[in-house]
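S.K.: Residue-level listing of the chains:
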Amino acid sequence: NAGVTQTPKFQVLKTGQSMTLQCAQDMNHNSMYWYRQDPGMGLRLIYYSASEGTTDKGEVPNGYNVSRLNKREFSLRLESAAPSQTSVYFCASSPRPDSGNTIYFGEGSWLTVV
Amino acid sequence: SQKIEQNSEALNIQEGKTATLTCNYTNYSPAYLQWYRQDPGRGPVFLLLIRENEKEKRKERLKVTFDTTLKQSLFHITASQPADSATYLCALAFIWVVTNAGKSTFGDGTTLTVKP
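Heads up: the protein sequence lines correspond to chains C and D, in order.
Residues in the first sequence are numbered from 2 upward in steps of one, following this note's numbering.
Residues in the second sequence are numbered from 2 upward in steps of one, following this note's numbering.
Same shape as in the complex, but just chain C (with noise of 0.2 Å):
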């Protein structure tokens, strides 16, 4: 039972350069969220879906798309990097919308953006 998984582990892009972070879970979990994590700033919702078919945006969505592939499988897009993508990247999920169920977390996704 792996949990939730996430690929890649380390990235580092040119400024401009687009990638795509893979997300899966084997849970059964409704829910799926993308998270972003910075020295002073804690973990920021970038966006989340809490069904499959749908996603919203969460606090900071602006130069990011994702992609609610099946329930499995949840992706985040950079469709053109910036310095200020720099960050550590926590994909998760919840087995339902409602937040008082557990999140479980990947590994995170180490991105760079030079």
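Simulated from the structure, these hints should not be mistaken for lab results.
Not the full set, but computed from the structure, chain C residues with beta-carbon under 10 Å of chain D: (1) 36; (2) 42; (3) 104; (4) 108; (5) 111.
Where chain C lies over chain D, by a calculated footprint (3+ residues, C-beta under 8 Å): (6) 45-56; (7) 108-114.
Beta carbons: idealized from backbone N, C-alpha and C, even for Gly.
With chain C fixed as given, assemble chain D onto it according to the hints.
M.R.: Same frame as chain C, but now just chain D:
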């Protein structure tokens, strides 16, 4: 806007003592408050959840209290061990607020170091 403050970025204590971490918030009280542990280079891991109508929750050496009057949660680790050294995050969920439905807001975390 809602703000969450966790006491001092770092807390150093001696092994065997009780560590107490604080999570303060402004404005509305959350429906749920959760505590997570994060080790360096890893994703956060869920520890405890407490609901707005609960005063206290315990799990082994961990205890969480929730005071909606003070707008504060306290997280205690008794008989602390060096292995408890990590960053601890609190997360608040305001599910009754339509625009926040299904989303949790995280504090910046407190880094605990337990010295042998």
